[in-house]
Structure formats: C-alpha cells, structure tokens
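2 protein chains.
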Amino acid sequence: MLTIYGVYRSRASRPVWLAYEIGLPFQHVPVIQAYRLSAPDAADAPLNTRSPAFLRVNPNGHIPTIDDDGLVLHESLAINLYLAKRYGGALGPASVAEDGQMGMWALWAATEVEPHSLQIQYHRMSYPPAERDPKVAEAAVAALRKPFAVLDQKLAGSGFLVGGRFTVADINVAEVVRYAIAAPELFKPTPALRGWLEACHARPAYKRMMTEREREPA
Amino acid sequence: MLTIYGVYRSRASRPVWLAYEIGLPFQHVPVIQAYRLSAPDAADAPLNTRSPAFLRVNPNGHIPTIDDDGLVLHESLAINLYLAKRYGGALGPASVAEDGQMGMWALWAATEVEPHSLQIQYHRMSYPPAERDPKVAEAAVAALRKPFAVLDQKLAGSGFLVGGRFTVADINVAEVVRYAIAAPELFKPTPALRGWLEACHARPAYKRMMTEREREPA
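Sequence lines, in order, name chains A and B. Sequential numbering of the first sequence, starting at 1, is according to UniProt numbering. Sequential numbering of the second sequence, starting at 1, is according to UniProt numbering.
Isolated chain A (complex conformation) (with noise of 0.2 Å):
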C-alpha cells in the first residue's frame, strides 16, 4: 500500500496528480507545514513536519515523502520518477534512455527552474501584500527567460518532452513551471510553452488534485 504524506497544499501535489493518472490508489496522511502552524511543537499540534511521528519517517521534515510498502523516499521529483516507472507504464521510461531524459529534466527544473519559479509564486501571489518585492519577482522572470525559451523551444517539437507522449517529465515540469503563472509575461514569447501547460492542466488527473487542493483549508 502506497502511503502520501504531506497536505495537497505543498509539493504533494506532484505525487497525487501522478496518482490520479495512474489510477493508482493511497492512503493521504495530510501532514502541515510547521510554518503554517503558530504553534507546532504544542502537544495538540496537528501532524506537521516538525512533529516527532512525523521526523521518524523522514528527518528531514519535509513534504511530500511516501511509504511505499515499506520503501520510503522523499523529494517530490524523484518520488514521481520512481512511482511512474514502478506503476505508471507509459507514463514512465521505455527504455534506459528515456529513463535518463527523464532524470534530466526533474534535475533540470529543480535547479533551473524552482529556485525562481518560486520566488515569482512568493512575491507576486502568496505573500501578504506589504512583505512583497517586486524587484525580487522581476529578477526571477529575468532569470526564467532564458530555461523558458529552452523549454519553448524544446516543446516545439513533439509537444512533449520525452519520447512523444505525455510522461511523468511533463508531470515534474509542470508542477515546477506553475508557480511562475503570475508572471504572464514570461508566456507570451513561449507558445509551444503556453500550450504545453494549458493542455496539462487541462487533464482530469490534475484538475481532480486541484479539486482536492482547493477543499482543503487554506
């Protein structure tokens, strides 16, 4: 049994949008962000990512990590690759070369991608009005014009970005190009990029995550 920790409202969402495309079923243990909590450490705490039951499964209290029969592995990416190609047929590699673009791109939009995607999500949606700075957000859309044309370019071609088909590349990208979408600006020279995230958000899989995520408390 495949077990999902960590609340919709984190990077769990990669994991869960994998899952809903494979079908595959799990157990969701809706562990929160410390951060998110004015005080994790009280005995009454929810279950978050500072509390001791939770640090004995991955110590670096971190969401997501599963439990997959026994198997526990954290890092959404990988955690994506590995599920993909032990259950997801298609979704993962067909071959050690498939298997090797697929890496590449998790690697790719973790370091390349992420750390600016990330910042744009901060200050120009998630945090507070007043603790927002627009210089960060702009030399973060400054950073990703370069990795997004990449991507463009890349997706050009077949649509996707390994092999053909849609995979659990596509999955990881995505998730990692999302939190660049109040940044319009970044879009518009990016077609090929634009429709590439349009149709991926537009599959049940993920609009079924997206359901989940907005039914949880914000």
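I should point out that these hints are in silico values taken from the structure, not numbers from a laboratory. Fair warning: there could be bad hints in the mix.
[As the list claims (entries may be wrong)] Restricting the straight-line Cα-Cα distance to at most 25 Å, the calculated cross-link-like pairs of lysine-lysine (BS3-like) are:
#1 K135(A) - K135(B)
#2 K85(B) - K85(A)
#3 K207(A) - K188(A)
Starting from the known structure of chain A, fit chain B onto it as the hints suggest.
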C-alpha cells in the same frame, strides 16, 4: 562512443569520476565556462558555454553535457544516474527501489545541499578575498547543519547511501558535499559523514580525476 563536454574544473568532474570508476572510455571536449574568459564571443575564443557550436549541443549553455551515441543529456547528477544504470554494474541500481533511492539522493543533494555548499566554496575559497562575504558563508553553514546531520545519521548505518555498497549515489552526494570542505565546523559533529567523504576521496578513480583537474590551467 561517449563524449563528455566540459573542462575538468567544473561539474564535469562528476561524470569523469564515474567514468573512471567504471573504466568507461570517453572523448573529452574541454568546453570552458564563458564567465572565465575575458572575450568569450571573440572569433578566436576557445570553445566555451556561449559558443554557437556548443549551444547547438546544449541550448542551456551549461557543462557538463554528454553525447552517448547520439543521446544528449545535461544535468551532471542525472548524467551520472544514466551512465551508472547503463554501464556501471553494481554502481547503478539493482532494483526499482534502489533506483528510486538514487534519484532521491541526487535531488536531495541538488536542492538541500548544493545551493549552500556552493556559497561556502565561493565565499571561503574561489572568490578573490576582497569579494568574499563571511556572513554569506556563515548563513550557508547554518543552513547545512540539518542536512548534514541527516546525512551523518544515514551514513552511520552501513557507511553508504544505497544498498550497503559504494554506488553512484555516493559519488553524486560526495561531489556536492565537497564544496563545503572549507567549513570544517560542519564536519566535526558528523564523524560518519567525514569518514565517508575521506573514503570517497581515497578511491583511485577520484584521485585520477583530481590529478587531471589539477593538470588543467586554473
């Protein structure tokens, strides 16, 4: 035939170390970082990360990049996961579970460790003394306390990250941890991590890579 693009004094050290571990022959194309050249765009500039000829191989303009019989991959840690799987025998995964763990450690190193270990390298070693900011280095040390404790706890078990043997996971994480060696205060409270890193650096393949590196113009 495998081609590795990137000078040894770059993250190309990672696939080079792995190739030496495997005994895998490769052609080396010493593409240099453009920021290290005063005139990277000049007609007679050495092949660098802004050269059109290299951008046709990897439009991100980053090293290392490999071409393995036509399969082009970038992202050093993903390159290593691919090479270990295809050519590395016991250095690669023996099961889908091990494969998942190796992917997890690569993404963990890239996101939890490298942004901070790089700052230690910059501000205690590579930048000219006048450009170093001790506060940046100290903040990076503080940020690494927790991940290094997690790593130490993990290594205190079998002495290796995955499968109780030396694998690509050890190479990938050791190469990212290496950037922090100018912070000895991080290694004093982590004896298992310290011993593991020393053992990694005592390996003949690592020493051979470092010899090539030091032979290269600074």
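Now the hints, each set against the structure:
1. The straight-line distance between the Cα atoms of K135(A) and K135(B) is roughly 22 Å, inside the 25 Å bound, and the hint therefore holds.
2. Taking the CA atoms of K85(B) and K85(A), the gap is about 14 Å. The hint holds against a cut of 25 Å.
3. Simply put, K207(A) and K188(A) have alpha-carbon atoms about 24 Å apart, close enough for the 25 Å limit, and the pair holds.
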